[in-house]
Amino acid sequence: MSVHKIEVTINGKKYQEQVESRMLLSDFLRETCGLTGTHVGCEHGVCGACTIHLNGSAVRSCLIFAVQVDGQEITTVEGLAKDGELTPLQRNFIECHGLQCGFCTPGILMSTTDYLQKNPQPTLQEIKEMLSGHLCRCTGYEGIIKAIQKTVDENNHHYEAERR
Amino acid sequence: MSKVIGKRVTRVEDKRLLTGQGKYIDDIGTPPNTAHAAILRSPYPHAKIISIDYSEALKIPGVKGVVTGKDVQPLLNPFSVGVSAPVKYYPIAIDKVRYVGEPVAVVVAKNRYIAEDALEKIKVKYETLEPIVDIERALEEGAPILHENVGSNIANHRTFHYGDVDKAFQQADRIVKHRFHFPKYSATPVETYGIIAQYEESTDSYTIHANFHGPFVLHSIMAGALKVPSNRLRIIIPKDIGGSYGIKAGIFPYIVLCSVVSRLVGCPVKWIEDRQEHLAASSSCTDRVTYIEAAVRNDGKVLGLKMKIMDNVGAYIRAPEPACLYRNHANTTGAYDIPNLMLDAYAVMTNKLPTGLIRGYGGQETYFPLERIMQMIADELEMDPADVIRRNLIKKEQFPYKTASGGVYDSGDYEKAFDLLLKTGKYEEFRKKQIEARKKGKLLGVGLAVIVEPSGSNMGYITIALTPEERKAGLPKSGCTEAATISIDPMGNVNVRISTTPTGQGHETVASQIVSEILGIPHDKINVVAELDTATSAWSIASGSYSSRFASMGSSAVYYAAQKVKRKLIKIAAHLLQIDEDSLTIENGQIISKTDPSKSISIKRVAGSAHWNPLSLPEGMEPGIYETAYYTAQAEPPDDNDLINSSITYGFVADLVTVEIDPETGEIHILDYYTVHDAGKLLNPLIVDGQILGGLVHGLGGAMYEELVYDDKGQLLTGSFMDYLCPTATEIPRVTIKHIETPSPLTPLGAKGLGEGNTMSAPVVIANAVNDALKPYGVIIDSLPITPNKVWSMINQSTKQGVSS
Ligand code: FES
Ligand code: FES
Numbered sequence: 001m002s003v004h005k006i007e008v009t010i011n012g013k014k015y016q017e018q019v020e021s022r023m024l025l026s027d028f029l030r031e032t033c034g035l036t037g038t039h040v041g042c043e044h045g046v047c048g049a050c051t052i053h054l055n056g057s058a059v060r061s062c063l064i065f066a067v068q069v070d071g072q073e074i075t076t077v078e079g080l081a082k083d084g085e086l087t088p089l090q091r092n093f094i095e096c097h098g099l100q101c102g103f104c105t106p107g108i109l110m111s112t113t114d115y116l117q118k119n120p121q122p123t124l125q126e127i128k129e130m131l132s133g134h135l136c137r138c139t140g141y142e143g144i145i146k147a148i149q150k151t152v153d154e155n156n157h158h159y160e161a162e163r164r
Numbered sequence: 001m002s003k004v005i006g007k008r009v010t011r012v013e014d015k016r017l018l019t020g021q022g023k024y025i026d027d028i029g030t031p032p033n034t035a036h037a038a039i040l041r042s043p044y045p046h047a048k049i050i051s052i053d054y055s056e057a058l059k060i061p062g063v064k065g066v067v068t069g070k071d072v073q074p075l076l077n078p079f080s081v082g083v084s085a086p087v088k089y090y091p092i093a094i095d096k097v098r099y100v101g102e103p104v105a106v107v108v109a110k111n112r113y114i115a116e117d118a119l120e121k122i123k124v125k126y127e128t129l130e131p132i133v134d135i136e137r138a139l140e141e142g143a144p145i146l147h148e149n150v151g152s153n154i155a156n157h158r159t160f161h162y163g164d165v166d167k168a169f170q171q172a173d174r175i176v177k178h179r180f181h182f183p184k185y186s187a188t189p190v191e192t193y194g195i196i197a198q199y200e201e202s203t204d205s206y207t208i209h210a211n212f213h214g215p216f217v218l219h220s221i222m223a224g225a226l227k228v229p230s231n232r233l234r235i236i237i238p239k240d241i242g243g244s245y246g247i248k249a250g251i252f253p254y255i256v257l258c259s260v261v262s263r264l265v266g267c268p269v270k271w272i273e274d275r276q277e278h279l280a281a282s283s284s285c286t287d288r289v290t291y292i293e294a295a296v297r298n299d300g301k302v303l304g305l306k307m308k309i310m311d312n313v314g315a316y317i318r319a320p321e322p323a324c325l326y327r328n329h330a331n332t333t334g335a336y337d338i339p340n341l342m343l344d345a346y347a348v349m350t351n352k353l354p355t356g357l358i359r360g361y362g363g364q365e366t367y368f369p370l371e372r373i374m375q376m377i378a379d380e381l382e383m384d385p386a387d388v389i390r391r392n393l394i395k396k397e398q399f400p401y402k403t404a405s406g407g408v409y410d411s412g413d414y415e416k417a418f419d420l421l422l423k424t425g426k427y428e429e430f431r432k433k434q435i436e437a438r439k440k441g442k443l444l445g446v447g448l449a450v451i452v453e454p455s456g457s458n459m460g461y462i463t464i465a466l467t468p469e470e471r472k473a474g475l476p477k478s479g480c481t482e483a484a485t486i487s488i489d490p491m492g493n494v495n496v497r498i499s500t501t502p503t504g505q506g507h508e509t510v511a512s513q514i515v516s517e518i519l520g521i522p523h524d525k526i527n528v529v530a531e532l533d534t535a536t537s538a539w540s541i542a543s544g545s546y547s548s549r550f551a552s553m554g555s556s557a558v559y560y561a562a563q564k565v566k567r568k569l570i571k572i573a574a575h576l577l578q579i580d581e582d583s584l585t586i587e588n589g590q591i592i593s594k595t596d597p598s599k600s601i602s603i604k605r606v607a608g609s610a611h612w613n614p615l616s617l618p619e620g621m622e623p624g625i626y627e628t629a630y631y632t633a634q635a636e637p638p639d640d641n642d643l644i645n646s647s648i649t650y651g652f653v654a655d656l657v658t659v660e661i662d663p664e665t666g667e668i669h670i671l672d673y674y675t676v677h678d679a680g681k682l683l684n685p686l687i688v689d690g691q692i693l694g695g696l697v698h699g700l701g702g703a704m705y706e707e708l709v710y711d712d713k714g715q716l717l718t719g720s721f722m723d724y725l726c727p728t729a730t731e732i733p734r735v736t737i738k739h740i741e742t743p744s745p746l747t748p749l750g751a752k753g754l755g756e757g758n759t760m761s762a763p764v765v766i767a768n769a770v771n772d773a774l775k776p777y778g779v780i781i782d783s784l785p786i787t788p789n790k791v792w793s794m795i796n797q798s799t800k801q802g803v804s805s
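Chains as they are written, first to last, in the UniProt record's numbering: chain A, 1 to 164; chain B, 1 to 805.
No incorrect hints appear here.
Keeping only pairs whose Cα atoms sit at most 27 Å apart, straight-line, the calculated DSSO-like set for lysine-lysine is:
hint	chain 1	residue 1	chain 2	residue 2
1	A	Lys5	B	Lys110
2	A	Lys128	B	Lys738
3	B	Lys23	A	Lys82
4	B	Lys7	A	Lys146
5	A	Lys150	B	Lys15
If you are wondering where the hints come from, they were derived from the structure by calculation, not from laboratory data.
Bound conformation, chain B alone (with noise of 0.2 Å):
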């Protein structure tokens, strides 16, 4: 069993799950006497709440209380954000509704079906006020504020300098530029939100059970709106969970609510989302424009960027954001070496639902722009857009290679994957098919992407959205802290518990490998426990399974706790067979001297010993077995000059896709999906290709299929499945996966995060190669989802001729 990690291990997660007896949050069972929730959401856009009048609600039999904006108010702070400001966020509309869904009042009933009769019964006035969906027009002067006490619709505003930018642009010999436009997305794992709260009077405490996807930041957040001190909220987490992508960090406003309406109303509420409620209300990606101007020389080479982007953080800018616009700060530049930069950010309030973490958080946004230009600047010099990526890529002795903005690029061989994808893809062979095809009337285009995956954020970035002046104030922030327990009872059998609160990643198995490969033991023996508590774990403010930080964070502080582990049992055995440490190791479940194995000892009778008969342990060693390790990377927090280091590893991807239009139908049919990945050193290879594909076909419904679409009066027409459209098994392209493998310095096990690069890398790819196809139409593509019906309206409106037919 020596090697185990980087084994393609089937998972010990799979068994319960593949026969009803995963435990979800909604499989949990509840306290005795617990009631049901049902919100009453708002259905405009933007209007004050003039009246609530829910009398026929109260007398429906069944229903326990109902609770309004007014009831709470009292009871909470508004949400801290990291801006400075002074937008009042609460989980429920006070006196005006600002998107639709917003929560206007909520039932409390015996069961749902009740819960959800009495919404009906629920009279409110409301008062409709002019709406502002789009970024831009929400600049603008004279457009609807939706926080009269801000001022403006801009919750964040930061400019950053990096290199020398002015003197790039006049060497350039042109200037290359557009305006791009990402669509408002979301995850929609298949199960929703759940929560059951408790509220505990006598001791002013909160007991919550929530498929939650931190604890993060996010519990001193919670605990400060609720007014208790931290450790008053106790948050459970159940060890499944159905699906995340982020999304399930965006539950907190909906934790506080159900806490404090099981507060007001005196027993405890549990709220299961549905799917409306889901797609409506729960959060997305924010939708992004970016002006970008790149200072090209005629080789190729770009010398500086200049890019103003606006993020449209919804309704009320709300934790973690603005962290959308500068997770992938110390990444602006990609995969390239330009080493001048000017940014200049926005994060911008309209009347839609406020946004959060969704796989690949901000990397699609930060992409799209990106590798666009580049296959723009290829078109205009024309040459070959491989030879301008090529041109720009960071080379292997660069590494590791700071970035304009203050990333350091642990490690990577960017031109040898990008290669190895060229010859993957048959990228030549397909050139000269191409051109072959034209001359038949059909559309053939190939697209590009190249692109760096950070992982394991550094919780200083999120910082950056204050001005140095402004961070003084505060307490600096860094570090990516992680932790685990491993712990060996009495029979000498294994617990590790883990607190990055898995949602489908197989980390009860990667744990489970790492632990056996250090001790000895079969993984399969191993019990892992990925419920989090936040009274009884051991967590830390970076803790959850954001940023994939799993790989890079979390499996680095089980190799840590298993070593401590293995200290302390080697150090018992060497006193129990009077034998020197050194001349001991681990295997298959003995303690065994490697110049003489007839002297050996098993783990279970050392273990017996540490917790039977302390009296046998080394002079001053503390009993049992029970050990904690924090882990966290070098991170240091932003600097004077806001330089950056937002991540701890830095994965890279390169994707090549070829694809086929319907000149007839605007349909456009991926023929391959190429991707090329370096995620340093794979932990398990089975779930590494199972983490691309998912993060892939995510990107694929971004660039393709989803979007979260709002008329221009702040109405979401999108708010089912039967519209809100994620690819299915038929829409899936022929994919191949390659991989290199350059470790990360920075991690024990050499690992880097991965499973989000895809989700930012497909969007872009996918457009470039639908743009390569329809490059006899002169069109540019700078906006998505990119729909049979957009394509046929471009050939159509094209000036130019096409191909000949």
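Extracted from the complex, chain A is given alone in its bound form (with noise of 0.2 Å):
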């Protein structure tokens, strides 16, 4: 099995590791640099638990190899928030009880806060459409929904402020 150097930025930190050429993005993630907050679920890119952003766009890991992204970004659930301070959609999963077991919940987070970059103003209906490709076997969503609906309200709020 061959082997490559890769270098690659995860959350700000550069990592430069040797990788088997099968080895998945995921596997690398938690096995080689220790960052267990990605979960795996299915390995086959139906669950969405193990989704990162790749250079600023939600990305499933367990469907890219390690060495795809010799070079590249990577933010990880671990990087969302920034000196203990939560983001906002993570302080409104708890308010909403958007979580329970908190096993999907970061794909959902990395997934939500990339589509909420690109589409501030959602519909419900947008909303649910985004999040189906994650499952979440613990809250029914309604706590997910609510909490990603409270984010898009406390934006739309902030930005009216400033424009006013």
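The two chains are supplied separately, each in an independent frame; assemble them into the complex guided by the hints.
In structure tokens:
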């Protein structure tokens, strides 16, 4: 099995590692880099638990090989909160009971964070469609949807206040 | 902070889970030299193993060993199980495979990639045998037999007669009967099974880390299988588990397998199940055929019920089965006052995945035929289903209500809850809308279901699988015990240790709320330790988080442990302040005199004295503050007449669902889902509604999407998330939840379990709604899931006209 040297920036830190060609990015993050916040639920691209940001876009790390991210930038759930300060989305997950076991949560946070950056004012149906790429077996999704809606509302208020 | 119980307190678990700092089984690290296991599984549902050749696999660099059934057999006993049929179940096939996915060999290697490579090099020769998957065919003369030594495919059979069933059927104006089939489906937590097993030769002992839902009765079963004293099997359960919904009790055969593999290969072994393995070979609910007959008076009153129920427990009957047949034994007649009941119960083995706990355990199987037949009774009598339900509901004055089969429903006001449901769901109005819609060729339907939600299992119920004579031979089993420990350290800070193995239900939060209220300390200052360690935690035969037992049992243990600590603190304070104990109370971290507030002392100082200055304590008092409480509810073993109160508390759930069906495509659109709950006193409404919604969506899955489908040759057709469909956000209907609170007289806080109710009720209430919409076609929905395909065929095969269009 051939081994490659790669250099990746994860949550702002540089990692220089050796990887086999077939190593999945999800395994690389968890096992090589010790970033266990990224979860693995199916390894076939359905559950969404392994979602991370690659160069600013949400992708499923179980469908990518580690060698493919050589020279690129990654953010994982560990990189969302800065200096112990939760993001508004994370805070709203607490407020709205958007998680129970928390296993699906990192993936959903990563997808949503990316989505809201690109679509700051989604409708309820659009939120549901974005979420339909993720499985959560605990919450019935309602708490998650509320948390996202609350974040959207807060952003809009913020935006309007700034315009005034 | 005095009143924290019952408040919508946000969860103490959340911050770590939101920042990627949860500690799930795959995150906790491993001992040095740990190797990884991969499992070779049977591609056949029924076959003899002729030979296994793994010589090529051993040649792959990094492979440390290969283990087969023949290697482990001398080290293991077959798992014990609570039936008399002599089924020999091992965690790996010995000479025969009996379901697709059954373990056949285990490879241990430096990492999982290499282990999986090596699987491909193992050559197994099979001689295939005729498979059997259908429940009723498995019972027929000449059907293929799975376990030759058992002689038939019946693992358990019992018949029960309660009241005077014959008389009820004689007195009836008519008999309404039908056959129903409930499907096999799964729980699929997003986190799969995971185990790290380590054998230590010098002490002949096993240390296991696993996301196990137990320890429950299963710890003894595992120790028995491994042939070690139970204190040589130490199981440690991490504080975070990525969901279970019951299924992670089914990990126990794999715990035993990894244990013995660790012993044979000589190193710690880690195994993380993959999703395909989980679907094919973890566990599932039973599929069940029920023949139900109701003796009915023309005014809608049900006088008696006869049921023949046949549970498909898969290839091996595995503990705690056949409990699926009996967990709802006391509440077989649901929310109705039906004193006459005959039950003929079978556990049948076929070439499918073995079954076990799944959220709702047995409830959905029980209520599907019961609540469908109530609607069919209404249809036959041309009555409104709401009237038939009301005619039969148990009345408020009848509580505590004794059911035909021995249940004692602790409290409730079913009529009030049902009325609230009809009002909230605007039932009458919808009926009018429905008539109008039909005129326009539209198919609207409304379904009702009322169910009783049992929680906190009486450990005696499992023995109902045995006859009274067989039961006499064993130790009687009763009760429903849970334990908790609370300690205060020398600086006055509180640790709480629970044994309920939470899997997302927020037990840390609720435990901290209870302790906070009793000890007057802010709940977020309390450290709750949810890791369970069978060697050091206080636990008991019922510990774990199955059967919604935290709110009823776990919370009670925490409550009593906190009371013990409080008593000790007050005793010490009284001694130090030289005043009477009875005049003291706890407030805001202070122990203070009720009559003279100038007399007070901080908890910190009292706890400090207990540790730093034990000589200052009252005469004879032990130093330190460390109190454990064991709590059990009054739950008797089954009596000689097979009467059993199988659970401790009984909640109530009433559902109303409205649907619209597209006659062209058969597509089902749920317009509204209303659900009214009475779970006694609610401990944290925020968590309560989250539990209800999660359970409801699981029930929705069972009603419309989820099924482990096998073809008639025994091949699994839904082996990945591409084929096994779990509801996603876009499938979730609008849900309205209402509560009434009738406190349980049996638990100190008045709480009952919840979170499984709608898993039990959703499949049938949706079926009732769809059937109501399809009424013009004269069809009967008697199996699940209800897919657009099925609806379309029903519409098109119906000889009736349907709606005018
Ligand atoms: S683990 Fe990547 S999508 Fe499920
Ligand atoms: S919170 Fe458990 S799967 Fe989503």
